[in-house]
Structure formats: structure tokens, C-alpha cells
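S.K.: One-letter residues, chain by chain:
There are 2 protein chains.
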Amino acid sequence: MRRYRKQDFPVSHIRQLLEPGPIVLVSSAWKGQRNVMTMGWHTVMEFTPSLLGCVIAAGNHSFEMIRRSRQCVINIPEVEMAETVTRIGNCSGAEIDKFAEFGLATTEASEISAPLIDACHSSFECRLHDSALVDKYNFFIWEVVKAHVARTPKRPRTIHYRGGGAFMVAGEGISLKRLFRREYL
Amino acid sequence: MRRYRKQDFPVSHIRQLLEPGPIVLVSSAWKGQRNVMTMGWHTVMEFTPSLLGCVIAAGNHSFEMIRRSRQCVINIPEVEMAETVTRIGNCSGAEIDKFAEFGLATTEASEISAPLIDACHSSFECRLHDSALVDKYNFFIWEVVKAHVARTPKRPRTIHYRGGGAFMVAGEGISLKRLFRREYL
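Chains as they are written, first to last, in the UniProt record's numbering: chain A, 1 to 185; chain B, 1 to 185.
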């Protein structure tokens with residue numbers, strides 16, 4: 001599997017990667033165990049601090065690990081990983097070691113214990129910022145404390161879930177910069 | 001501008017359209033006024049009831065109208081509307097009537113007062129479900145009470161914001177249905 005060379009990236013700019021709505025892999029660690037799950041329900045919430053919110057259903061093996069450790073890494077895969085991403089989302093860390101099963105190489109994060117996934121284009125180290133909606137909606141609000149992003153490609157071919165086993169792959173780019181107010185860019 | 005013929009669509013299935021992360025137009029109405037804004041920070045939160053969360057920054061003219069009326073319509077445009085969508089996001093309803101300015105035809109919603117935008121592929125009528133995080137994060141949790149979706153195209157060419165005035169257009173589709181557990185489809 002490809003191993004991206006990632007570089008430090010400003011946490012206030014991660015919307016460039018998350019706002020288009022890619023499927024992500026969430027890695028976690030708790031008491032010597034680690035796990036990874038596939039997730040698609042997330043949104044950017046603020047630039048500074050760099051906040052994002054996501055739903056992690058309580059039925060997932062990762063849920064308690066993430067809730068207790070109060071941290072995770074959000075990793076963005078490209079289309080080459082689509083099958084692996086789907087397989088990761090269709091098995092449980094309660095039964096297998098997904099890192100071994102899928103041959104996922106990892107790198108230590110710098111601020112937290114959960115691992116960065118080398119085969120992903122971008123990895124964001126997250127600390128729990130607000131748990132107010134965890135009990136009611138399984139909704140976690142994270143602060144991205146460190147971002148690692150591959151230098152190339154600049155525009156990753158992310159995958160976007162459409163339900164029913166179907167994905168959309170990120171397509172062509174268009175720039176409408178000329179129509180933006182300077183302060184909105 | 002194109003006028004889509006929309007049909008009733010099950011509210012529990014709207015993730016098929018929203019989860020890929022498209023830029024949307026949010027229309028609102030309050031005390032005889034109406035407005036429309038461009039928005040990209042949203043996520044699906046639950047199937048049943050059909051919940052979605054989104055950030056609407058307090059600086060927007062729409063913010064008070066939406067907060068007070070406790071309702072809005074989330075409309076999904078296709079790439080043909082990209083310029084209009086950008087222009088809508090770079091002016092204020094405090095200064096102009098955006099519906100007149102951009103020639104936006106509308107249709108009355110069935111459950112709420114905010115209008116459906118005819119030039120959009122899909123329109124979701126939303127009622128405020130939970131305002132717990134509005135003050136702290138400008139984060140609104142909506143229940144979609146009625147969904148209107150064009151019969152064609154089945155896979156709209158949505159636009160996805162990447163910051164800096166650049167968008168990604170929804171690309172090719174891939175199906176990995178064979179790798180899914182039946183209960184996850």
C-alpha cells in the first residue's frame with residue numbers, strides 16, 4: 001500500500017480537505033488496544049480553534065475507546081484505498097486486529113496516542129473539545145491539534161459515500177476565485 | 001435557469017445526497033422577508049428522525065431569520081449553478097433581494113414557510129430539532145420533515161468547496177456493494 005510523505009499543515013486550513021465531504025478513517029487507541037473505523041458523518045465547525053464535529057455511532061467497537069481516550073486521528077484516504085476502506089467499515093475491531101488484517105502501516109502521532117495511517121493522504125490529530133452532545137447524538141466535537149498532509153497530490157481523489165454501497169470519486173476542479181470577496185478567500 | 005421537477009423522497013434516505021458533502025443553498029423566511037445563503041459546513045446526524053447539523057455563522061443576514069423562524073430549506077445545486085452559488089455567497093441579503101438579483105424561481109414548501117429553490121436538484125424542508133449548540137457554535141440541528149428530489153439525474157453533479165475559491169465537481173461513481181454487510185446497506 002502507498003505510504004504518503006506527509007508534512008505539517010496549518011490546522012486552520014483543514015477545511016480544504018474535509019469540507020468536500022470525504023469518507024475518512026478514524027484511528028484510536030486506549031489501554032494498549034487500537035482500532036480503526038470508517039466514517040462519513042462529519043463537518044468543519046470553526047477555523048480557530050480548528051474544530052470539527054462527527055457522529056460515531058455507539059455500536060462501533062471504536063466508540064468507547066474514543067470516548068474514554070478523548071482523542072482520535074481523522075485520516076483521509078484516496079480512491080486507491082476504496083476497497084480497504086469499505087472492508088474496514090464492514091468488520092469489527094472486537095473480532096479482529098484491523099491493522100494486521102489490512103496491512104495498515106502506521107506512524108506515531110506527535111500530540112496524542114492514536115496512530116496516523118501511512119496509506120492515507122492526510123491525518124489530523126484530534127483532542128475532544130466538547131462532549132455535550134455525545135450522549136444524546138453520539139456527536140463529538142474535536143479540536144484538530146496537529147495536521148499532517150501529503151505534499152502531492154494537492155487535490156486528493158477522495159471518495160464520498162452515497163449510500164447503498166456506492167461512492168462518488170472527487171472529480172474535476174473549478175476555480176471561481178474571481179467572484180469571491182477578498183475577505184472570504 | 002433550469003427548473004427541476006422534484007418528487008417526494010423518503011427523509012430517512014437524504015444521506016444519499018448530503019453525505020458526499022455538497023455546497024448547499026439555505027433559504028429562509030421570517031416576517032414577510034426571505035433570504036438565501038451558501039453553506040458548506042453540514043453533516044447528516046441520524047436516519048430516523050432524519051437529522052442534520054450545520055453551522056450558520058452569526059454574521060450572516062440569514063442567521064437571525066433562521067434562528068427566529070426555527071426553519072429553513074436546504075437546497076442542493078448542480079455545477080451549472082456554480083457561479084450563481086458563489087455570487088449568492090458573496091453578497092448580503094441585508095443589501096439586496098437575492099431572489100430577484102439572481103432570478104431564482106421558487107415553489108412553496110408544504111410544511112414550512114421558507115421557499116424551495118426550483119433551480120436546485122433537491123430541497124429539504126427543515127424544522128429546528130435542537131438549538132443546544134446555537135449560542136456556542138452557531139450549530140443548528142435540523143429535522144428534515146419533507147424531502148423533494150429530482151428524478152433525474154439520479155447522481156447530481158454537485159459542487160464541493162475546497163477553500164480559496166476552488167470547488168471540486170462530483171466525479172465518477174463506483175459501487176462496492178458486494179463488500180457490504182447486508183444490514184449496512
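Source of the hints: derived by calculation from the structure; they are not laboratory data.
Take the hints with a grain of salt, since some may be wrong.
[To be verified] Straight line, CA to CA, 27 Å or less: simulated BS3-like cross-link-like pairs of lysine-lysine: (1) B:Lys31 with A:Lys136; (2) A:Lys31 with A:Lys146; (3) B:Lys177 with A:Lys146; (4) B:Lys6 with B:Lys136; (5) A:Lys31 with A:Lys136; (6) A:Lys136 with A:Lys6; (7) B:Lys146 with B:Lys31; (8) A:Lys31 with A:Lys154; (9) A:Lys136 with B:Lys154.
[Said to hold, decoys possible] Between beta-carbon pairs, the in silico distance windows are: (10) B:Arg182 with A:Glu183: 30 to 36 Å; (11) A:Glu64 with B:Glu108: 24 to 30 Å; (12) B:Thr107 with A:Ile174: 24 to 30 Å; (13) B:Gly103 with A:Ile174: 17 to 23 Å; (14) B:Asn90 with A:Pro153: 24 to 30 Å; (15) A:Leu179 with B:Arg3: 19 to 25 Å.
[Stated by the list, open to error] Selected chain A positions facing chain B (in silico; Cβ < 8 Å): (16) Trp41; (17) His42; (18) Val55; (19) Glu83; (20) Phe99; (21) Ala100; (22) Ala132; (23) Val134; (24) Arg151; (25) Gly164; (26) Ala166; (27) Leu176; (28) Arg181; (29) Arg182; (30) Tyr184; (31) Leu185.
Glycine included, C-beta positions come from ideal geometry on N, C-alpha and C.
S.K.: None of the hints should be skipped; say for each whether it holds.
M.R.: Structure-based check of all given hints:
1. B:Lys31 with A:Lys136: violated (33 Å)
2. A:Lys31 with A:Lys146: holds (22 Å)
3. B:Lys177 with A:Lys146: violated (34 Å)
4. B:Lys6 with B:Lys136: Outside the cut-off at roughly 36 Å; violated.
5. A:Lys31 with A:Lys136: Distance of about 26 Å is within 27 Å: holds.
6. A:Lys136 with A:Lys6: violated (36 Å)
7. B:Lys146 with B:Lys31: Holds, because 22 Å separates the two Cα atoms, which is no more than 27 Å.
8. A:Lys31 with A:Lys154: violated (36 Å)
9. A:Lys136 with B:Lys154: violated (33 Å)
10. B:Arg182 with A:Glu183: 30 to 36 Å: violated (49 Å)
11. A:Glu64 with B:Glu108: 24 to 30 Å: Roughly 47 Å apart at Cβ, these two residues miss the hinted range, so it is violated.
12. B:Thr107 with A:Ile174: 24 to 30 Å: At roughly 28 Å between Cβ atoms, Ile174 of chain A and Thr107 of chain B fall inside 24 to 30 Å, so the hint holds.
13. B:Gly103 with A:Ile174: 17 to 23 Å: holds (21 Å)
14. B:Asn90 with A:Pro153: 24 to 30 Å: holds (28 Å)
15. A:Leu179 with B:Arg3: 19 to 25 Å: holds (23 Å)
16. Trp41: holds (5 Å)
17. His42: OK, holds: His42 of chain A within 8 Å of chain B, min 6 Å.
18. Val55: Because about 6 Å separates Val55 of chain A from the closest Cβ in chain B, which is inside the 8 Å limit, the hint holds.
19. Glu83: holds (6 Å)
20. Phe99: Hint on Phe99 of chain A: violated, closest Cβ of chain B at ~19 Å, above 8 Å.
21. Ala100: violated (19 Å)
22. Ala132: holds (7 Å)
23. Val134: With a minimum Cβ separation of about 12 Å from chain B (threshold 8 Å), the hint on Val134 of chain A is violated.
24. Arg151: violated (16 Å)
25. Gly164: Where the cut-off is 8 Å and the nearest Cβ of chain B is about 6 Å from Gly164 of chain A, the hint holds.
26. Ala166: holds (5 Å)
27. Leu176: holds (5 Å)
28. Arg181: holds (5 Å)
29. Arg182: Hint violated; Arg182 of chain A Cβ to chain B Cβ min 10 Å, cut 8 Å.
30. Tyr184: holds (6 Å)
31. Leu185: This interface hint holds because 6 Å falls under the 8 Å limit.
Going down the numbered hints, you'll see the structure goes against 1, 3, 4, 6, 8, 9, 10, 11, 20, 21, 23, 24 and 29, while the others check out.
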